[in-house]
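Peer 1: First to last, the protein sequences are chains A and B. Throughout, my numbering is defined as the position within the first sequence, counted from one, plus 227. Throughout, my numbering is defined as the position within the second sequence, counted from one, plus 227.
Source of the hints: derived by calculation from the structure; they are not laboratory data. Cβ coordinates follow ideal geometry from the N, Cα and C atoms, glycine included. There could be a bad hint or two in this list.
Below 25 Å or equal to it, Euclidean Cα-Cα: the simulated PhoX-like pairs (lysine-lysine) are [stated by the list, open to error]:
1) K511(A) x K511(B)
2) K643(B) x K606(B)
3) K229(A) x K400(B)
4) K519(B) x K606(B)
5) K409(B) x K643(B)
6) K511(A) x K521(B)
7) K435(A) x K643(A)
8) K400(B) x K400(A)
9) K266(B) x K283(B)
10) K521(A) x K314(A)
11) K521(A) x K435(A)
12) K229(B) x K314(B)
13) K266(A) x K283(A)
14) K229(B) x K400(A)
15) K567(A) x K579(A)
For each label pair, taking beta carbons as the anchor points, the in silico distance ranges come out as [to be verified]:
16) D408(B) x D359(A): 48 to 56 Å
17) A404(A) x K457(B): 47 to 55 Å
18) R638(A) x E271(B): 25 to 33 Å
19) P578(B) x P530(A): 32 to 40 Å
20) T512(B) x G319(A): 41 to 49 Å
21) R242(B) x S270(A): 33 to 41 Å
22) R586(B) x D514(A): 53 to 61 Å
If you want the building blocks of each chain, they are given just below.
2 protein chains.
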Amino acid sequence: MKTVLLIGTLDTKGREYQYVQEKLRAEGVTPFVMDVSCKTFESEFASQVSCREVAKAAGTDFVAVSQMERVPAQKVMTEGAIRLSEKLYQEGRFQGVMALGGSNGTAIACAVMQRFPVGVPKLMVSTMASGDVRGYVGWKDIVMFHPVGDISLNRMTRQIFANAARAMAGMLKEASAEKEDKKIQIALTVFGVVQPCAERAKSLLEEKGYEVMVFHTSGTGGMALEELVKEGRIDAVLDISTTEVTDEVVGGVLTAGPTRLEAAGARGLPQVIMPGAIDLVNFKTPDTVPEKWKDRVFYRHTPHITLMRTNIEESECLGRVFAEKINRAKGPALVLIPLKGFSAYDSPTGPKAICLDGRPAPRSWFWPEADQAFYESLKNHLDLSRVGFREVPLHINDPDLAEMAVEELDRLMHEKGKLRA
Amino acid sequence: MKTVLLIGTLDTKGREYQYVQEKLRAEGVTPFVMDVSCKTFESEFASQVSCREVAKAAGTDFVAVSQMERVPAQKVMTEGAIRLSEKLYQEGRFQGVMALGGSNGTAIACAVMQRFPVGVPKLMVSTMASGDVRGYVGWKDIVMFHPVGDISLNRMTRQIFANAARAMAGMLKEASAEKEDKKIQIALTVFGVVQPCAERAKSLLEEKGYEVMVFHTSGTGGMALEELVKEGRIDAVLDISTTEVTDEVVGGVLTAGPTRLEAAGARGLPQVIMPGAIDLVNFKTPDTVPEKWKDRVFYRHTPHITLMRTNIEESECLGRVFAEKINRAKGPALVLIPLKGFSAYDSPTGPKAICLDGRPAPRSWFWPEADQAFYESLKNHLDLSRVGFREVPLHINDPDLAEMAVEELDRLMHEKGKLRA
């Protein structure tokens, strides 16, 4: 019998949780309720873990929590819920997590859900589910279910909550092992401006019998890649878009955090790095670009995506940061430098660049000196006794480069295999 | 045996759809595939409805579609898919809808899903699911499932796609009828600034044995209310927050479209309208407010919510618009005017108002003359021979007003009942 952890604020949603518990039981699933209420209340509804225990797990007591403002109280209860649920999960006490909530309940429950591995069913019925949910979902496989109305019981929501409970029960069914699962898993990163390279590489890898996991490097993609490598779900990495590192170092919006490009090395996985899209720093609408950069070189990819060209100084700095990260690799690593350009825009036929206000830019986007500053700096700081480095007179989207990258990764994997054997 | 409509672009995602079909069949669900590919391709994968048929249903042919740009092609295929799927649904050919997609596939499939009633299982596995999904979900109960990686098959995504298929199969299980479902369903609208009124009214309605459906009037809430009334799922309406009408008329961001406040009347449902929150026009960050209004009266509710006070001229106009909408009601309607203020901010103890740039505002938020312009105009344009109108010397959040509203709605419902009998 499977058990699902229900994380709820029983002070306001006791009846709704009672209903969901009935529906889960009807499907043969055992509910296990953790109460994350932030205010004292007369408890009519039973829980397996009380809000007092949750507060205590966060190192405080519930009376103190119930006197706090909403935001700090939420923070305490989130912390307590994470600690207790991680312990319960390690003990094998539940196999899935489910919750119903408004903004407060969603914030707490999703922060907990994000802690559990991909594949563990996570379902959030949330009044926030028809809006910007990135903060709730993060890079995880959290299922967001929009309840149409508020989280309160009526004819319509009973139908929706019952659907949610049955969806959770369905996900908790035993999965059958699949023969395909034995294939070697290669992570590949992609971004619009290096798409041709990524697509070609993916086909070639699949032809060789590998399975490819594609990550779009918009911040969450890179985070997912790094975390999945840490969890041991990935066997090798072909990093074609490293723009998230640029955003982290220079200050764009698509950063994947300070440890991007590090997990594969730390785990000793074979990796080939073609530092694609390092020529651009990502912003949203033009007003999201800091004032100090208004006279820099820009390109408006869409009305909601504004790209800034990295300059020589930043490129040099980036080269050093890349080298420091890659030098720490415990496994085989190779850097391939596409001398003719790092993205579709980084080419003599690239787009017309502008200043932030739309005036012509002081120079074109294509900037070989900036590229050179990057790879010279990278080479100078790289420990060439341990890390491979090759300058290739091709553009990143040249099919020959994708082919070379795949061949090299394949070689690194076989060499590693031999070393192991 | 239940059938699920799968809406997919088989040109790029054939293998993934094949996998999901296997998983659905393993759960006893029959897949029915509609191909919405926008480009010609060599078809390896069977579908029950081909992309040629979809294009034809939209009044064009697929060769033409495959030569179009992405956006117009998407539009055509969406239109064709909607027409065919609505017909299939009417014929009882499927009981749920599911899809996997990137931005293009998600746009097409979710536009189709939005056409089907609440309660019909709708599940979208989408690379866009960890971002702003409002355009995809709308006000419906569409379940968004984030696949972590791209829509391509590997060890991780197989686990995720299988979970999605099992969630869909779970939702398709027969629901049991519930005795609670016989209760009368009352829709109630709410917004932060009229929360005390809404909460009190909800409790009182529940004490009387009604079930309450709560709608947060942030645009989608009002749309949901109006559509659910049209579908016959609601028996009476207590409209406490009508701020969406203000946004529609003046030009804020939380409009629910031009027909808000009309469905209940058109269906002849009893309704009590307390025009709460008509004193504010909603914007996001200050830069979303049109330049022409920069010297108006504002309040920054949060960094992401900027409120503008309606002025006398707008209030007068609003009163007329409300009257025109309410005059068309075919059922009993009563307007209650809270003379001491329409929102928590519309009070002598309300917040300190500012101009858009943060300087002190030309006047305070509390503006009895603007309120008066609204209700005088409303009264003057209202057909008082058919619609009830009462000015009450209370603030909207006074518990006595909530009580009065509930008593009056209860009375209208009983009177209507007598007329029917």
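Peer 1: For each hint, tell me whether it holds in the structure or not.
Peer 2: Taking the hints in turn, this is what the structure says about them:
1. The straight-line distance between the Cα atoms of K511(A) and K511(B) is roughly 16 Å, inside the 25 Å bound, and the hint therefore holds.
2. With a C-alpha separation of about 24 Å, the suggested pair K643(B) and K606(B) falls inside the 25 Å cut-off, and the hint holds.
3. Proposed proximity of K229(A) and K400(B) is supported: the alpha carbons are some 18 Å apart, at most 25 Å.
4. This hinted pair does not check out: K519(B) and K606(B) have alpha carbons roughly 30 Å apart, beyond 25 Å.
5. For the hint linking K409(B) to K643(B), the alpha-carbon distance of about 18 Å falls within 25 Å, and the restraint holds.
6. The straight-line distance between the Cα atoms of K511(A) and K521(B) is roughly 24 Å, inside the 25 Å bound, and the hint therefore holds.
7. Using a Cα cut-off of 25 Å, the hinted pair K435(A) and K643(A) holds, with the two alpha carbons roughly 17 Å apart.
8. Taken as a hint, the K400(B) and K400(A) pair is honoured in the structure, with Cα atoms around 14 Å apart against an allowance of 25 Å.
9. Only pairs whose Cα atoms come within 25 Å are accepted, and K266(B) paired with K283(B) is accepted, the gap being roughly 14 Å.
10. For the hint pairing K521(A) with K314(A), the CA-to-CA distance comes to about 50 Å; that exceeds 25 Å, so the pair is violated.
11. For the hint linking K521(A) to K435(A), the alpha-carbon distance of about 47 Å lies beyond 25 Å, and the restraint is violated.
12. A C-alpha spacing of about 17 Å is found between K229(B) and K314(B), which places the hinted pair at or below 25 Å, so the restraint holds.
13. Among the hinted pairs, K266(A) with K283(A) is consistent with the structure: their alpha-carbon atoms are about 14 Å apart, no more than 25 Å.
14. For the hint linking K229(B) to K400(A), the alpha-carbon distance of about 18 Å falls within 25 Å, and the restraint holds.
15. Only pairs whose Cα atoms come within 25 Å are accepted, and K567(A) paired with K579(A) is accepted, the gap being roughly 18 Å.
16. The hinted window of 48 to 56 Å between D408(B) and D359(A) is violated, with their beta carbons roughly 34 Å apart.
17. Checking the proposed 47 to 55 Å range against A404(A) and K457(B) shows it holds: the Cβ atoms sit about 48 Å from each other.
18. R638(A) and E271(B) have their C-beta atoms about 32 Å apart, which keeps the hinted 25 to 33 Å range intact.
19. A hinted range of 32 to 40 Å holds for the C-beta pair P578(B) and P530(A), which are about 34 Å apart.
20. The supplied range of 41 to 49 Å is met by T512(B) and G319(A), whose beta-carbon atoms lie about 46 Å from each other.
21. Under the hint 33 to 41 Å, the C-beta atoms of R242(B) and S270(A), about 51 Å apart, miss the expected range.
22. A C-beta distance of roughly 21 Å is found between R586(B) and D514(A), which places it outside the suggested range of 53 to 61 Å.
The structure fails hints 4, 10, 11, 16, 21 and 22 (numbered hints given earlier, in ascending order).
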